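Those protein sequence lines, which keep their order, are chains A and B.
The first sequence begins at 1 in this note's numbering and counts up by one.
The second sequence begins at 1 in this note's numbering and counts up by one.
Treat the hints loosely; a few may be bogus.
Identical chains share a label here; the pair holds if one copy fits it or two copies do between them.
To be verified - List time: in silico SDA-like cross-link candidates among lysine to any residue, alpha-carbon distance up to 20 Å: (1) Lys-168 to Met-1; (2) Lys-73 to Ile-34; (3) Lys-263 to Gln-321; (4) Lys-73 to Asp-203; (5) Lys-273 to Ala-311.
Hints listed in this document are in silico derivations from the structure and should not be mistaken for laboratory results.
Note that the coordinates shown come from a computational prediction; the quantities given were computed from them, not determined experimentally.
2 protein chains.
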Amino acid sequence: MQAEIIAVGTEILLGQITNTNSTHIAQGLAELGIDSYYQTVVGDNPKRLATVIEIAAQRNDLVILAGGLGPTKDDLTKQTLAQYLNVPLVEDAAAMRVITNRFEQTGKVMTANNRLQALYPQGATPLTNHNGLAVGAFYQSPDSADFLLLPGPPREMTMMFDTEAKPKLQAAYGQQSQIYSRVLRFFGIGESQLVTELQAMIDEQGSVTIAPYAKTNEVTLRISAQADTQAAAKAALDHVETQIKAKVGPYFYGYGDDNSLAKVVINAMIKAKLSITAAESLTAGEFQSTIGGVPGVSAIFPGGFVTYANAAKHQLVNVPQATIDQDGVVSEATAIAMADGARAQLGTDAALSFTGVAGPDALEDQPAGTVWIGLAYRDQPTIGKLYHFAGDRQKIRERSVLVGLDLLRHALMADHQL
Amino acid sequence: MQAEIIAVGTEILLGQITNTNSTHIAQGLAELGIDSYYQTVVGDNPKRLATVIEIAAQRNDLVILAGGLGPTKDDLTKQTLAQYLNVPLVEDAAAMRVITNRFEQTGKVMTANNRLQALYPQGATPLTNHNGLAVGAFYQSPDSADFLLLPGPPREMTMMFDTEAKPKLQAAYGQQSQIYSRVLRFFGIGESQLVTELQAMIDEQGSVTIAPYAKTNEVTLRISAQADTQAAAKAALDHVETQIKAKVGPYFYGYGDDNSLAKVVINAMIKAKLSITAAESLTAGEFQSTIGGVPGVSAIFPGGFVTYANAAKHQLVNVPQATIDQDGVVSEATAIAMADGARAQLGTDAALSFTGVAGPDALEDQPAGTVWIGLAYRDQPTIGKLYHFAGDRQKIRERSVLVGLDLLRHALMADHQL
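Extracted from the complex, chain A is given alone in its bound form:
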């Protein structure tokens, strides 16, 4: 079983965007045990697209086309494929309803070209687009290669590939032994340090493979086992997970691709019925916005404060003017006073505070990246901790938010709430 990925998009050929779609699909193929020996990129040009489809179909059992399913004149992928397969395009009624509803909801006029997004090659199985309007398709052919049609925008493509296409590929090309995998999430350890700690295990690569993947500010490990039954896979994965945790356990915080430090921490707070607020200076609301993204947070989060200017720190969360004058705003005393002041205002169980230098300029003679984070938690003494983060303004702010969440996670663990 051998597949080729063809990314369709002139933006990729011009270097305007990087072809991350092919990376994602390639990872999925590797997990399914489908070989892939070639990848191609071609522009939004039907003649050249037809030639690469021809070449790919000759040298593979499955050809995956990503991009060019949209409503514009440039989007010609499915028309070109239908011509190659010599089948007409037909309408997916469910996709058409979604498109019609979307335009009705937003009160905008639906133009004719939007109908194109509901079409797929006759004989294929349409694939739902959960993050957009263009339908995908899986076409199985008795006498040529099979084809998978995916949209180009990465958010649409990854969702459709993971939830719609992968199960169908697995069913169609069913291996006897399947690959089962589990994602472990770590915070507070870099990828290279994690790899160094686990080097011997990674080199071994027995029946369980260990693949580290660095995301912004955190690292995940995907551990995968090829096994005949789910029980056998679980036993193998459990064994390796125990070995991993023996080495880097303190940095582990949760499982799953669709998880985050915020989800783990906020769900624990909701479960323990512990309320939270925050006073944010350099992060300017990013901590509160992050926890606001977790469904159900309203049960424990009444609101909070963005105290960017010095005067606002005094006015909104009662940081004593003397503290600001004597210690400065980038200080332990101010971080503690902000956390205590915010908690006192809203009567919550916990409060976080963030004060520091996001950059690019220094503040109070302290360089960009200097950040104090305060935590008031139940009956514990309120603490302020100093950090020095590298990177640009946005990186420093993101890192501050995550470190704040990790401080709270440790407080919850010490309190046996996590």
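Please arrange chain B on chain A, whose structure you already have, making use of the hints.
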């Protein structure tokens, strides 16, 4: 003049790394005015590599191979190319000296395979590797395509391409006419509607091409002109930009790949010395966090409020309890009271408020996506506007923030501050 990029590396095919090398080279080709209609990825396999070299050489004037120049037994790119060209590999004395010195300096034993890194196809011009040991090469052929050999590690490749290869490509292929481009940014119009409005212009595709690209919640148009001089390109781009603005001008807000609605609006506020605050319910600090990302915002942003719970709306920004009881929190009256209350607290020139239903659940019998945005601006009457946004929790919140920025942008325009 037409070139194809072939990235060589099994890691790319397995999805372990993303093919950023091709992005970088593609950008360089576009800058040199060299067309590129295809990109290929192939693994470290000499037979398959030979077939893709064959295909690429047939359909191009220049083939760029990146990767597989290292010292391991997997690295076979130049051996395969030399075989295709029917020339031997010869040693670059300068590169060999660097390799020998490196091993002497570090006191490590140089193994025989390291010598491989100094070899290049006879007849080519060797290219110095400033960040590594493997030499590159530029091979000009009278009777086949030309070839450029580059190393795989991005740090080595980008340095060699930019400093060694690009000047040689420019010299070899003469002063090509170059591509100049400009990015126009739009908000409040979907990609398909924008394309419909500009269809005739896009179809024309004269000397200036128009390429729409949808990002999350906004659309950009890249207009590109191929011209011999920068002045000629500027005139052509100006002409097309004027035509575009005649059709969709009200949605245009700025230029550039590295720009955003927040930057445009906040920089105008900074220039006009107009201060701002916000009271956020469903967005939970995301508006303030977004404007907090713009350097220099501290001059006009003292801070603000996250008023998630009903009680916090009353306590922090003085929304009258009667308003909450009679109109509900998802209402025009509450949105206006939040904006007015936040502004009164901090004495700013403007204030935005966000109250609505982020979902997944309904609130006050109103469905997810129902959002009221309030704007208090200088001496204008405070307004509250109702929106219905589609999508999940995160999309609804992001969309709310951008629409709030756009409301402020329109107020600034009406006030001749933008």
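At most 20 Å between C-alpha atoms: does Lys-273 with Ala-311 qualify within a copy, between copies, both, or neither?
between (33 Å within a copy, 18 Å between copies)
State whether the alpha carbon distance between Lys-73 and Ile-34 is at most 20 Å within one copy, between copies, both, or neither.
neither (33 Å within a copy, 24 Å between copies)
Same-copy or cross-copy closeness of Lys-263 to Gln-321 [CA-CA at most 20 Å]
Cα proximity of Lys-263 and Gln-321: none, with 36 Å in one copy and 32 Å across.
Could you place Lys-168 and Met-1 in one of the four classes (within, between, both, neither) given a Cα distance threshold of 20 Å?
Within one copy only: 15 Å inside a chain, 42 Å across chains, cut-off 20 Å.
Cα distance capped at 20 Å. Does Lys-73 pair with Asp-203 within a copy, between copies, both, or neither?
Result: close only across copies, 8 Å inter versus 49 Å intra.
In terms of the numbered hints stated before, the structure departs from hints 2, 3, listed from lowest to highest.
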